[in-house]
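Protein sequence lines correspond, in order, to chains A and B. In this text, residue positions in the first sequence follow our numbering: the first is 2, and each later residue adds one. In this text, residue positions in the second sequence follow our numbering: the first is 2, and each later residue adds one.
One or more of the hints may lead you astray.
[As the list claims (entries may be wrong)] Which residues of chain A face chain B? A few of them, derived with a C-beta cut under 10 Å, are: (1) 19; (2) 22; (3) 23; (4) 27; (5) 35; (6) 43; (7) 46; (8) 48; (9) 50; (10) 52; (11) 57; (12) 58; (13) 77; (14) 88; (15) 113; (16) 120.
[Unchecked claim] Here are the simulated EDC-like cross-link-like pairs (lysine to aspartate or glutamate), alpha carbons at most 20 Å apart as the crow flies: (17) B:45 <-> A:91; (18) A:45 <-> B:114; (19) A:45 <-> B:66; (20) A:45 <-> B:82; (21) B:45 <-> B:114.
Hints listed in this document are in silico derivations from the structure and should not be mistaken for laboratory results. We put the CB at the ideal spot given by N, CA and C, even for glycine.
There are 2 protein chains.
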Amino acid sequence: MTATGQPATRDPRRLIASDRVIGTDIRRPDGTRIGRIERLMLDKASGRVAYAVMSFGGFLGLGEDFYTLPWSVLRFEPRQDAYVLDIPEEQLRAAPARTPEGTDPATDGAWEEQIHRYYDAAPYWGI
Amino acid sequence: MTATGQPATRDPRRLIASDRVIGTDIRRPDGTRIGRIERLMLDKASGRVAYAVMSFGGFLGLGEDFYTLPWSVLRFEPRQDAYVLDIPEEQLRAAPARTPEGTDPATDGAWEEQIHRYYDAAPYWGI
């Protein structure tokens, strides 16, 4: 299409509005709904999405709760119109950081390292 | 703080919620208000913010209008609690792409290259 020699990276369909991401379902690979994306946390310096805060209600009898997920653990699945989170239920339930609504998920660098290690997620810094 | 040897990149204050970015003023370096951020356009593949769509009302007698700005031309200025856009008025008025509300700003790769060239902006792809 262009003369840059990078047609694969010039696909305009890669863009999505942030307000379309928020409210999108998060599902298991089998399609079961887990929750929805409540907000995104951006890295001001790089302009990268660092985390998605997932709201999570009525699952296994729990009330509404929030999980902060490294963005890199979510994969968009167009056929489901949802993000897919491929993490065992036990691992999600035992996640180290449930952040209350309205607070920033990151309070220190150690927390960020811990949460990325827990989900075995690629860090968004230093990429 | 950590043992990674990268203290500068571990500053937790770099994170901001996407819903706090939307609605934030865009100002000139002298503090004059130009408009506000209406939405963000994300690159799905990399999770980077690619564009900010700026709404722009009552400036020079024009009605409300929308400009799609490469994210890299905006600089956050904490003292003003605003993003600063350092572009001459004439250049902004003559910008090649005013996207109507609700449509995706990018329709093809050529448009993206054009808008980045116009603003002399660092491209978000291939960084």
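Next on the checklist: Does residue 22 of chain A hold up as a contact with chain B if the rule is Cβ-Cβ below 10 Å?
Outcome noted: holds, 7 Å
Checklist entry - Minimum Cβ distance from residue 58 of chain A to chain B below 10 Å? => result violated, 19 Å
Item to check | Minimum beta-carbon distance criterion (10 Å), residue 88 of chain A to chain B | outcome: Because about 18 Å separates residue 88 of chain A from the closest Cβ in chain B, which is outside the 10 Å limit, the hint is violated.
Item to check | Evaluation of the interface hint that places residue 52 of chain A against chain B, nearest CB under 10 Å | outcome: At about 8 Å, which falls below the 10 Å cut-off, the nearest Cβ of chain B leaves the hint on residue 52 of chain A intact, so it holds.
Next on the checklist: A closest beta-carbon separation below 10 Å is what the hint needs, so does residue 19 of chain A meet it against chain B?
Outcome noted: holds, 4 Å
Next on the checklist: Let's test the interface hint: is any C-beta of chain B closer than 10 Å to that of residue 50 of chain A?
Outcome noted: holds, 4 Å
Checklist entry - Keeping to a limit of 20 Å between CA atoms, is the pair of residue 45 of chain B and residue 91 of chain A held or broken? => result violated, 28 Å
Checklist entry - Can the hint on residue 113 of chain A be confirmed by a CB-to-CB distance to chain B that is less than 10 Å? => result holds, 7 Å
Checklist entry - Quick one, are residue 45 of chain B and residue 114 of chain B close enough, alpha carbons at most 20 Å? => result With a Cα-Cα distance of about 18 Å, the restraint between residue 45 of chain B and residue 114 of chain B holds, given a limit of 20 Å.
Checklist entry - Taking 10 Å as the limit, does the beta-carbon of residue 120 of chain A come near enough to a beta-carbon in chain B? => result violated, 15 Å
Next on the checklist: With the threshold set at 20 Å, check whether the alpha-carbon distance from residue 45 of chain A to residue 66 of chain B stays at or below it.
Outcome noted: violated, 26 Å
Item to check | chain B contact restraint on residue 46 of chain A - CB to CB distance below 10 Å | outcome: holds, 5 Å
Checked against the numbered hints above, the structure breaks hints 4, 5, 11, 12, 14, 16, 17, 18 and 19 and satisfies the rest.
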